[in-house]
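Once you have looked at the hints, place chain U on chain G.
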Amino acid sequence: MAVSEEGALLQFVPFSSALDGSFWHALTKNKLEVYRLDEAPRSVHGFYSNGYAEGLPSSMNLDMTAFDDDAVIPALCFPSRGTLIPFNTLDAFKTSDKKQLLQQEAKKMWNDIQSGAALRQPDLLSRFLLLCFADLKKYHYYYWFAFPALSLPEKCNVLETKTLKQYYGSEKILQLQQAHDTFCKDKVPPAFVILEKSSTISFHALSEFEKLQNDQEASVMLGFSDPSTMEAYAGWPLRNLLALVTVIWAGLSELTVLCYRNRVKDGRRECSHSLVLRVRLSQSDPPTVFHVTTACPRAVGWEKNEAQRLVPRMVDLSSSMDPSRLAESAI
Amino acid sequence: GIAEKFTPTLKESKFKETGMLTAEEFLAAGDHLVHHCPTWHWASGDSAKVKSYLPADKQFLLTRNVPSYKRCKQMEYMEEQEKIIEDENDPDGGWVDTHHYQSLDQSTASVGDAMADLSLDSEKPTAAVDIAEINDDDDDDDEPAVDMDDLEENEMLEEDELTVDPRALAKKDSKSEGVESDTGIIQTRTYDLNITYDNYYRTPRLWLKGYDENRVPLSVEQMYEDFSQDHAKKTVTFENHQHLPEHMASVHPCRHAEVMKKLIQTVEGGGEKELHVHLYLLIFLKFVQAVIPTIEYDYTQHFHM
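Protein sequences appear in the order of chains G and U.
Okay, so the first sequence: first residue is 68 according to our numbering, each after it adds one.
Okay, so the second sequence: first residue is 3 according to our numbering, each after it adds one.
Extracted from the complex, chain G is given alone in its bound form:
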């Protein structure tokens, strides 16, 4: 990996939307019975995992429970809050001001960072926007996801990238895993702090980062549950976490980040493929102080299509939803 004084540009693997068929059924039902012609934004939710198998994208999953506020997120998964806008026409979908919609969604995150809410509840750093037009006559669903990421810091560099296996010996990895489980019990937070002190590893809440950072005898890592499966790149959730770091701990110039990946294969749990990054935050000097009135940074995050172009997607479910087509294909 690139190791130099300046380091390489820190880049992030974006989320890939992954919708179950049951999501479209539930959306159709809601459209007909609840939303009708109302295009008002609706709260939905999705979830992602840090245990995807090798070579798979960083999926953001939505199924029929996306519309249910009380739905339980599957084990080993992390919630993401979403805003669904059910457009009535393809034209409304097309002409909507996507730049502004994304910025609005990002603003919610920005407010949560500034108020300190996201520090206490780091899952507030994961949000998405879903624009949708359902052509219910043809069972064609047009949709476009955005996973807003705040461009803050504008860019930063990675000085060193190691796998956890390279960073820690196997004994220490086991210790880390145990510390992780002790800390998490039933609910795994999407971001945390890892402290190593007199050869003991422990996990802590994100809000303790500053306090622990001041401990001269300890080494501290910022950790997050990483949906990326790529060997050299961290996943999307690190972006907004670094935005939070930049706002809350202004002046911090360098930190070590654990991109925690937790895969289960053949009955064995594995986290040695996690990444450890040494990141340099390109801070202005003196550090910028962010106030409540500071404008929300520019947001990016519209999902690209298969050809890597900024085009919405369309799914044709006529073969699985259209009564006439189903009658034809019934075995």
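Among the hints, a few may not be true.
Which residues of chain U face chain G? A partial, calculated answer using Cβ under 7 Å [claimed, not checked]: (1) His43; (2) Leu153; (3) Leu159; (4) Asn216; (5) Leu220; (6) Leu246; (7) Ala259.
The set of hints was computed from the structure by calculation and includes no laboratory data.
A virtual CB, placed ideally from N, CA and C, is assigned to each residue, including glycine.
Just chain U, lined up with the frame of chain G:
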């Protein structure tokens, strides 16, 4: 199906004698699976399809995003596993032509009926009508689909150089075993697997939904590429899911009990070891792997067969 609805739940445990499970045993075996293989979890599914013999929050088991790196024809013939499920006393070789059971399964009671019900709901007719009007402009089914490129917004939306293009990189340096297409992109398919309790056959039942690398659902023909060719057409059917408003591929359960009975006997090794019912699903998952050898789901636990 109708038959399933009227079959009383099996109360008394006979899993070793019959290979069948009671609903309570399915629950216990499911809890065990979830505990040992955390990629599996319980789901409740469609509230309209809740079965009374299982808790509402534990209706069926689910695992998502399971990779399938290769197609079946690329894999070596899994002789070892084929043997397990063969039954030399059976003229059909241990598997049945599932089309015989068509009438039992009522597989044509379709999602479409539910859809029709939705839009014809007598209490709320306005929604359906209004939406129909809105969509009137593309009324004609023969009309070409919307050109998605017309919806492109490359010019308007901001991007940044901090976003990795996973597919471009996968091309360059992936060590994955995936199939390379002409464009050099790794085509890793994924499957969502569900295990439901079939109250008619009194066995677990496996359901599969496949997606391509862009999460576009696979066609029936595409999914057949991932099933063992010996079993594909006679064992795998496409039916309405027991708990979801979806059509899915399913390994037909009509011979499961018999095969499971044999497997349980093999694992027990002629009575030397005692097998507990909570291991049932782990054995079941090992057994169905013969049908879906390309799908790398987790079933853990190393017991000898």
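- Query: Given histidine 43 of chain U was flagged as interface, is its beta-carbon under 7 Å from a beta-carbon of chain G?
  - Reply: 5 Å, holds
- Close enough to count: is the Cβ of leucine 159 of chain U nearer than 7 Å to one in chain G? 5 Å, holds
- Task: Have a go at the leucine 246 of chain U hint: is there a Cβ in chain G nearer than 7 Å to its own Cβ?
- Result: 5 Å, holds
- Query: Given asparagine 216 of chain U as an interface hint, is the shortest Cβ-Cβ distance to chain G below 7 Å?
  - Reply: With a closest approach of 5 Å, the asparagine 216 of chain U hint holds.
- Task: Return the status of the interface hint for leucine 220 of chain U: holds when the least beta-carbon distance to chain G is below 7 Å, violated otherwise.
- Result: At about 11 Å, which exceeds the 7 Å cut-off, the nearest Cβ of chain G leaves the hint on leucine 220 of chain U violated.
- Task: So, leucine 153 of chain U near chain G? Judge it on the closest CB pair being under 7 Å.
- Result: Result: holds, 5 Å to nearest chain G Cβ.
- Query: Under the criterion of a CB-CB separation shorter than 7 Å, is alanine 259 of chain U in contact with chain G as hinted?
  - Reply: 23 Å, violated
Comparing the model with each numbered hint stated earlier shows that hints 5 and 7 do not hold.
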